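If you read the protein sequences in the order shown, they are chains A and B. The opening residue of the first sequence carries number -5 in our numbering; numbering runs sequentially from there. The opening residue of the second sequence carries number 156 in our numbering; numbering runs sequentially from there.
One should not assume that every hint holds.
So these bits of chain A aren't anywhere near chain B, every CB distance computed over 12 Å [unchecked claim]:
hint: 1; residue: Gly19
hint: 2; residue: Asp20
hint: 3; residue: Asp24
hint: 4; residue: Ala27
hint: 5; residue: Lys69
hint: 6; residue: Pro80
Label-pair distances were calculated between CB atoms; the ranges are [stated by the list, open to error]:
hint: 7; chain 1: A; residue 1: Lys69; chain 2: B; residue 2: Gly270; range: 35 to 43 Å
hint: 8; chain 1: A; residue 1: Thr9; chain 2: B; residue 2: Arg249; range: 44 to 52 Å
hint: 9; chain 1: B; residue 1: Glu351; chain 2: A; residue 2: Lys69; range: 51 to 59 Å
It should be emphasised that the hints constitute simulated quantities derived from the structure, not laboratory data. None of the values given here were measured: they were computed from a predicted structure. No residue lacks a Cβ here, since even glycine has one placed at the ideal position from N, Cα and C.
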Amino acid sequence: MAIEVRIPTILRSYTGGAKVVEGSGDTLGDLLADLDSRHGGLRARLVTDAGALHRFVNVYVNDEDVRFLGALDAKLNDGDSVTILPAVAGGAFGFAAAAAIAQHSAAAAAIAGHRAAVAAR
Amino acid sequence: MARYDSLLDACGGTPLVGLPRLSPTVPDGAPPVRLWAKLEDRNPTGSIKDRAALFMVRSAEESGRLRPGDTILEPTSGNTGISLAMVAKLRGYRLVCVMPENVSTERVQLLRMYGAEIIFSPAAGGSNQAVATAKQIAAEHPDWVMLYQYGNEANARAHYETTGPELLHDLPTITHFVAGLGTTGTLMGTGRYLREKVDGIQVVAAEPRYGELVYGLRNIDEGYVPELYDASVLSRRFSVGTRDAVLRTRQLVEVEGIFAGFSTGAILHAALAVAHEAVRDGRRADVAFVVADGGWKYLSTGAYGGTLADAEDALEGQLWA
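With the rest of the complex left out, here is chain A (with noise of 0.2 Å):
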């Protein structure tokens, strides 16, 4: 038995437009190295030059966010279903508003008091 993997839209030019493949490894980042050994460069836009998950990329085990399973080193089992994501918030709508008016001045403000109070904690 294999590892089930969701591949999004933006990352299926790696896959040769497949939306799931199938892989093996005792982790996630066993698991990674295996795909890019039949899909070169997908790891890379997965993983940072140090190491570690893409700020803008979720990946879940069955459902669950491995950033809370121990990252690169989470455990898979085979049958399991990996899910990857690009990060949004609060909806598609969420993150290109938001972060288009991110620019704003007035948006910028709240992020200027967002960033003092965690400071003052």
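Starting from the known structure of chain A, arrange chain B on it as the hints suggest.
Relative to the frame of chain A, chain B by itself:
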């Protein structure tokens, strides 16, 4: 207390109700595992967002950023806009919402009823256009005040000061808190409060996983994580697909009589997962989860009836949370 000076004063203080039929059965002699629903639909405009809207407006007033007669501009896919529209009306501001085309018609009608103006951005897949629209509005109206719920500390503070203390007061034996992850305000604020007060508390996030149409990114670098988000507050984070969210939403009304929106179904799905794990491990659990809003605004989707597959199709491409 059941008497308030104004509607704004009636925000929060929502009931926490037990779910005896949905709570898992434990073997004889094993510690109890119980589910509790925090009914946030009992807020003034019917959603948990009233708390954040009220705190963000008050905070902006206190800091002098918001003055009488000002215009507030906010990107929102629904509930925050409705809450802000009510608060803006009562506090004397004009509200302009930028929202996607693919939200339910009830939300649009409610916003207009409360007096908000709406600027539509193109639906999923057209995120580049949405970015352009938002940039243009912001550039044309530099004097408009953006409360910016994704990065506004008052959003999370609302939950640190109200939702968290209410939960601890009503359920001192709480072991898990489960809520939806959008702006992340509910989980960050409530989660921080409970972590300070309750040893071993598990803070669990349920995020909606939409159909592919909704993730209209060109590449990974266009992704976005709200400024409020701090992963160290969470214990676990679940991604819940449309089908599971619909299934649980229906189960909640069928079994316990609670008529909720689909984001609540996603939250219940995660709550049931941790509850069943506790049963399996023989641990006591009091799992409190958020009922973010009622189902009224989503009736037109048709997703409360028919087969699950029909409902999934009906919600395809919609922002249901």
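Quiz prompt | Broken hints, by number | solution = 6, 7 and 9
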